[in-house]
Amino acid sequence: MGKFKQKTKGGTPKISTASLPDVIFMLLFFFMVTTVMRDVELKVKLKIPQDITEAKKIEKKSLVSYIYVGEPRPQFQKIFGTEPRIQLNDAFAKLSDIQSFIEKERAARPESDVPFLTTSLKVDINTKMGIITDLKQELRKANALKINYSGRSKPKS
Amino acid sequence: MPKNEIPEINAGSMADIAFLLLIFFLVATTMDVDSGLSRRLPPWIDQTTEKPPEIKKRNVFTVLINANNQFLVQNEWGNIKELRKKAKEFIENPNNDPSLPEKEMKNIPFFGEYPVSKQVISLQNDRGTKYEVYLKVQNELVAAYNELRQELAKKKFAKDYEKLTEEQRDAINEIYPQRISEAEPKNLGGK
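Chains as they are written, first to last, in our numbering: chain A, 2 to 158; chain B, 13 to 203.
The following label-pair restraints were derived from C-beta to C-beta distances:
#1 A/20 - B/166: 47 to 55 Å
#2 A/26 - B/170: 48 to 56 Å
#3 B/38 - A/112: 32 to 40 Å
#4 A/116 - B/175: 24 to 32 Å
#5 B/88 - A/138: 27 to 35 Å
#6 B/21 - A/117: 48 to 56 Å
Straight-line distance between alpha carbons at most 30 Å, and here's what the computed BS3-like set of lysine-lysine pairs gives:
#7 B/93 - B/166
#8 B/171 - B/100
#9 A/57 - B/93
#10 A/142 - B/142
#11 A/44 - A/105
#12 B/100 - A/129
#13 A/147 - A/95
#14 B/142 - A/79
#15 B/100 - B/166
#16 A/155 - B/142
#17 A/62 - B/175
#18 B/100 - A/147
#19 A/57 - B/98
#20 A/46 - A/61
#21 B/115 - B/69
#22 B/175 - A/155
#23 B/115 - B/100
#24 A/142 - B/130
#25 B/97 - A/58
#26 A/155 - B/93
#27 A/62 - A/95
#28 A/61 - A/155
#29 A/147 - A/44
#30 B/97 - A/155
#31 B/175 - B/130
#32 A/155 - A/44
#33 B/97 - A/123
#34 B/93 - A/147
Hints in this document: simulated from the structure, not taken from any laboratory. For glycine and all other residues, C-beta sits at the position ideal for the given N, C-alpha and C.
Make a model of the complete structure from these sequences and hints.
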């Protein structure tokens, strides 16, 4: 009888979980390093054009300001309608707000970086060009001439 | 003598804390890289200033897009697939066709005297044109320039354009300068 008891006791030894934190920490550091914090909450539907073969990666993200254009998301459609709208930072904006937005973006950066500022236009594929043209005219007035039409070089698989 | 050793701290909950942080970063992460087509807008000028310089018709490659996303390339119905080929032929003008742009001899480093064409691409769209179509056209036009530059780099330096030195690249850019002009859009298609 004693024999049996001993056998069951030594059946499966406890696995040591001491190194589990190390493994998890490793994963954690990987994600911490690769993370780019989501800085704005999108209020517009945004489907970036795909298959833009000549699209290049944006090098310096700190020098880029973003303008979003697209149809408001369903929860905002009661107030803002379904016509494509411009979103700056976290709020819907009017065309007349563009110039002050650019000024603010410039003021937030060191003066030596101002000439290299790029404006990235993230525009939904179904938007009509009318609003984009008006937007471009405003950017020209604000003298923000470097722009980047956001697009992906490969279709999303 | 009593035992004076420091008791071991239980590290069992360490994994939980690490998990919590891990999940936070997983949720907050966006993995996609930003990419796009870089363009330069012309500076703002008042309408009252002098008229733009006259450009001969043969030097201009016109692309029109209407509100129904249809193309008119050099006064002919066109489609997006042929656009790149046509634009390349126009920019390069390999056979010195009199209906294609004129060329001017220019002194360019590495190349010496080289005929540089006076090409300009004019792009005009309607307010009702779809953004996707517009960007695809821009993409094709930029691609036409990039392909020509790449071909020239291969021929002259036997290297990819991307791998050339800055001086070599500038020389090629001088031969094929990117001139895409956008006219003020028309509003013919209504809203």
